Amino acid sequence: MSAGTAPRRGGFGRLLRAEWTKFRTVRGWVLGLAVAPLVIVTLGLVSASGSHTSCGGPYDVCPAVPVGPGGEAVDDKFYFVHKPLTGDGSITARVSSMTGHIRKPDVTPGVRNEVDGVVPWAKAGVIVKDGTRQGSTYAATMVTGGHGVRMQYDFTGDMAGRPGGVSKDSPRWLRLTRSGEELTGYESADGRHWTVVGTARLAGLPDTVQVGLFVASPGDLTVQQADFGGSIQAVRFTEAIAVFDQVALEGRTSGGAWERDDIGVTLEPDGAPHHPGGFAQSGDTYTVTGVGDIGPTGEGQRIESTLSGLPAGLIVVIVAAVMFVTAEYRRGLIRTSLLAGPRRGRVLAAKATVIGTVTFVAGLAAAGIAVVVGTRILRSNGNPVLPVSTLTELRVIAGVAALLAVAAVLAFALGALFRNSAAAVTVAVAVIVVPHVLATTSVLPLGAAQWLLRLTPAAGFAVQQSIPEYPHVLAYYAPSAGYYPLAPWAGLSVLCAYAALALGLAVVRIRRRDA
Amino acid sequence: MRRHLSAEWTKLRTLPGIGWLLLAVVTLTPAASAAAAAVVSCPPAGCAYDVPKLSLMGVQAGQAVVAILAVLAVTGEYGTGLVRTTFTAMPRRVTVLTAKAAVLTGVTLSAATGAVLASVLAGRLILAGNGFVPEHGQPLLSLADGPTLRAATGSVLYLALIALLSLGVAVAVRDSAIAMGIVFGLLYILSALPLMVSDPGLQKLLWQISPMNAGLAVQATTRLSALPLSPWAGLAVLAAWAVAALLCGGLLLRTRDA
Amino acid sequence: MHATIEVHGLRKRFGQTVALDGMSFTVSPGHVTGFVGPNGAGKSTTMRVILGLDAADEGTALVGGRPYRSLRTPLRHVGALLDAAALQPSRTARNHLLWLAHSQGLPAGRVDEVLDQVGLRSAARRRAGGFSLGMRQRLGIAAALLGDPPVLMLDEPVNGLDPEGIVWIRGFLRSLAAQGRAVLVSSHLMSELQDTADHLVVVGRGRVVADTSVADLIAAASRDRVRLRTTARERATTALSQAGATVAVADRDVITVSGLAAERVVAALTAGAVPFSEVAADRATLEEAYLELTRNAVEFRAADAEAGR
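Protein chains in written order, with the working numbering: chain L, 1 to 515; chain P, 516 to 773; chain G, 774 to 1082.
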């Protein structure tokens, strides 16, 4: 068996070596693949250094974005009514009303247009949190404006309970119990029959935590087409007002009064809070008003924004890859190649391997420099860059290199299929680059843009998305905002499938046709 | 010059695949326009679409085919060595380029006219079915309307200028793969560049010098004041690109060995 | 108006390589002029400069007394065949000639005439890409004849032709010269020109090595050598050396004698009683004369190197 395969391997190895020699000895091809990383790095760094953010104020420094326990940038802004709890214990409360206000676009310019209402992800409920620092670990059971009862923890965790809202006639009991690091959320319609919403383990939760009531209401999002292409997103003020009663605490809590904190509230220049929350107590009934959200945020620059040169670099790679094969046909070199390696499919496979590998290496260098250096430039210009794990950063860099390599193989296969450079370059650019440009510049309706990025080879661009989509956070999850409809590796697989298909067709064609 | 024109015309009409390419311009453009028109609808409350621009959306697809046509008209000669025969028969190279440009312009103009008329017709029929009717505040698409006529005429000229731009690039680089790469870069990448910068002044400037953004301004019929360039000024930017490419190509053609 | 090509002092370099180094010659009407030299001697470059395709760094090349690029209808002055493969493969033979005819203001009827002349009438509406090399050469010659020019210039027209095609093209070129045209034919093999050319321009390393008629060239190379067939090689050598001749062995029983006229050779042999069966004045072949001339000018001894640049 091994004796049978060894010479065949050797045969392919020789083909690879021959194709590599062929590649590196043509100045134009080497130059083409040197230009691609240069374009990617240059455009990336130029756009990074042209990007500045300033927040005004005496030092013109933007406040640091809070970071959650998982390392992601988070919003942590809510009204918190709390007491310390030491050791195990629980909190129970009944929510009997949830109302609010939403600011809509002004009808008459300058006149505030506010309507009554609650946004779907407005939250009110009970919470256990490691102190009042923004970004600290927490777990909460809550009712929401439009998504029923939820249990959420550590910003990214979200579990659904029963759907439906609350009213005076159908209030909702919520309970959160702490046992060590384990938090369990319950809900009940009558205060007697309880169902578990979910359980969360909060690593490193200290012995003494803050337990209490909270209300938050994320801004209302409107999206508009911008004049130069792109979209303008506007987030408008909303607030939620929840009424709690039958509040009960178990465990070692301080017997004193409730402490009140408007966590994360922004201050006006004169020191007054901007859009403050509030708390009112009348007997055993508590009315809490909250603004803001508790959850991961996508606000800010991403590491992949340093890859703005990618489409241009892709075009260069496509041109080089197409020429790698069409030049052979034009000069009749293909006949020499096929004489040297009569098994035509393998010749093609060897060429594809060489162009793919070379592009991957060039792409790795390009993406590595652009992302690492570009992110530094962005940060030094005062831009908040959304933090990601090292693994994610590596995935973005290696993924972009793979995107370039697979795109090169696809372009190469199209070149072998059409034997005509102009047609091959056009088709490759039209299926890889143009759909991405169309989808991300939002000249297309959102649905069409998302379908383009699912069905065309441009789906591979998904591999550069570093910030995931969170179903429990309201945001404009559109390609123009950097959110792809497919998961990173799934998107790349679509591109791979196209490349494999094209390569397969090219092999069939080269076997059947005369050279 | 008449002989040059006649020779280039014979050459172009016997160019391999020319029939298919022209057919592609005339069919792909209205097909893409129809697809764009099919996905939008106008509710009775009215809508804010730029209807003529919407029905001419296919020009963005058609321009790719026009670019191939122009590039192949040049690189087909370089790839085979035919260019030496051409310059042996017609040693005045700039005159040859002028004749080629003239013939190509003529052919593109006629194909583009067909493509644009078909797009407008498709847009009128499909959009009327999607609620773009006078009762919803949207008059039917008609070339009798001044701005619509300007958008349509401008689109025809736009395609011809794209052909000239591609021709100039192809003469300068002599290789179809590189020429197509540069043309697509100039069109699609430059058009997306304004979105990658945050400075509004730079954004506006990049928009103004992008041949595709500026050139397609000629299709706009609503909110003209919001555009960084007036429709005809935008088309003039594209024309400047085409002239620059042709000058560059012509200069290289004169000085370089064939 | 001169029906000639005049090349004067052409110089051209490609980077480090000197392609033309003072190339000068003229081609006169009524003859087939062979343009011959080893690969890389500058033949193709000279032709490209004459046709205005390449620009020389120095020197002039005139066709009918005028620079090529100033001619309004150049194909009526010069017909050229540079590279028979320089076609767009999908265009038919007739369409290829048709656009050329239009470029010179010639009627379409002229296309059919030249197609007849080169024997391609039946293939006129076939794609040129499917032509054999011989058919492409014929199509290239048809293009050269299109303007009925007084001057014809053909670069390696025999390359790749079958024997029948070679015979055809030789006769064809001679008949064109007989009509009073100037015909310049390049080749890197002298034997190809032996029966065709009347006049030779021999080049090496970018300049003219010899510009002479075929008869003169052979005479010069032969000088006064005598071929002698004898069974007594050694005795003959001794006798002739004593008479003051230089002797070289050419074959088993053949020696060549130089420095002594034929009658003196006979006298010397008779005096020494050396037996011999044949004495003849030795005429060098054209090939030998050519090798003699270009020995120093051969840059690429491996004949594979591509001609031209």
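These are calculated hints, taken from the structure and not from any lab test. Please read all numbers here as calculations on a predicted model, not as lab measurements. Note that the Cβ used here is the ideal one computed from N, Cα and C, for glycine as well. Heads up, a few of these hints could be off.
Which bits of chain G does chain P cover? Going by a derived footprint, with three or more residues having C-beta under 8 Å, they are [claimed, not checked]:
{"no.": "1", "stretch": "834-844"}
{"no.": "2", "stretch": "852-858"}
{"no.": "3", "stretch": "1001-1011"}
{"no.": "4", "stretch": "1022-1035"}
Heads up, simulated SDA-like pairs for lysine to any residue below, C-alpha to C-alpha not over 25 Å straight-line [as the list claims (entries may be wrong)]:
{"no.": "5", "chain 1": "L", "residue 1": "Lys104", "chain 2": "L", "residue 2": "Gln233"}
{"no.": "6", "chain 1": "P", "residue 1": "Lys719", "chain 2": "L", "residue 2": "Ser188"}
{"no.": "7", "chain 1": "L", "residue 1": "Lys83", "chain 2": "L", "residue 2": "Gln224"}
{"no.": "8", "chain 1": "P", "residue 1": "Lys719", "chain 2": "L", "residue 2": "Gly251"}
{"no.": "9", "chain 1": "P", "residue 1": "Lys719", "chain 2": "L", "residue 2": "Pro488"}
{"no.": "10", "chain 1": "P", "residue 1": "Lys719", "chain 2": "L", "residue 2": "Lys104"}
Hints, one by one, checked against the model:
1. Three residues within the 8 Å Cβ limit are the bar, and the stretch 834-844 of chain G against chain P gives 4, so the coverage statement holds.
2. Only residues whose C-beta sits within less than 8 Å of a C-beta in chain P count toward coverage, and the stretch 852-858 of chain G has 4 of them, enough to reach three; the restraint holds.
3. For the stretch 1001-1011 of chain G, the proposed coverage by chain P is not satisfied: 0 residues have a C-beta within less than 8 Å of a C-beta in that chain, short of the threshold of three.
4. Residue count for the stretch 1022-1035 of chain G with a Cβ under 8 Å from a Cβ of chain P: 0. That is fewer than the three needed, and the coverage hint is violated.
5. With a C-alpha separation of about 13 Å, the suggested pair L:Lys104 and L:Gln233 falls inside the 25 Å cut-off, and the hint holds.
6. Between P:Lys719 and L:Ser188, the direct Cα distance comes to roughly 57 Å. Violation of the 25 Å bound is thereby established for this hinted pair.
7. For the suggested pair L:Lys83 and L:Gln224, the alpha carbons sit about 43 Å apart, so the restraint of at most 25 Å is broken.
8. Our distance criterion of 25 Å between C-alpha atoms is broken by P:Lys719 and L:Gly251, whose separation comes to about 62 Å.
9. A distance of roughly 33 Å separates the Cα atoms of P:Lys719 and L:Pro488; the hinted pair therefore is violated under the 25 Å criterion.
10. A distance of roughly 29 Å separates the Cα atoms of P:Lys719 and L:Lys104; the hinted pair therefore is violated under the 25 Å criterion.
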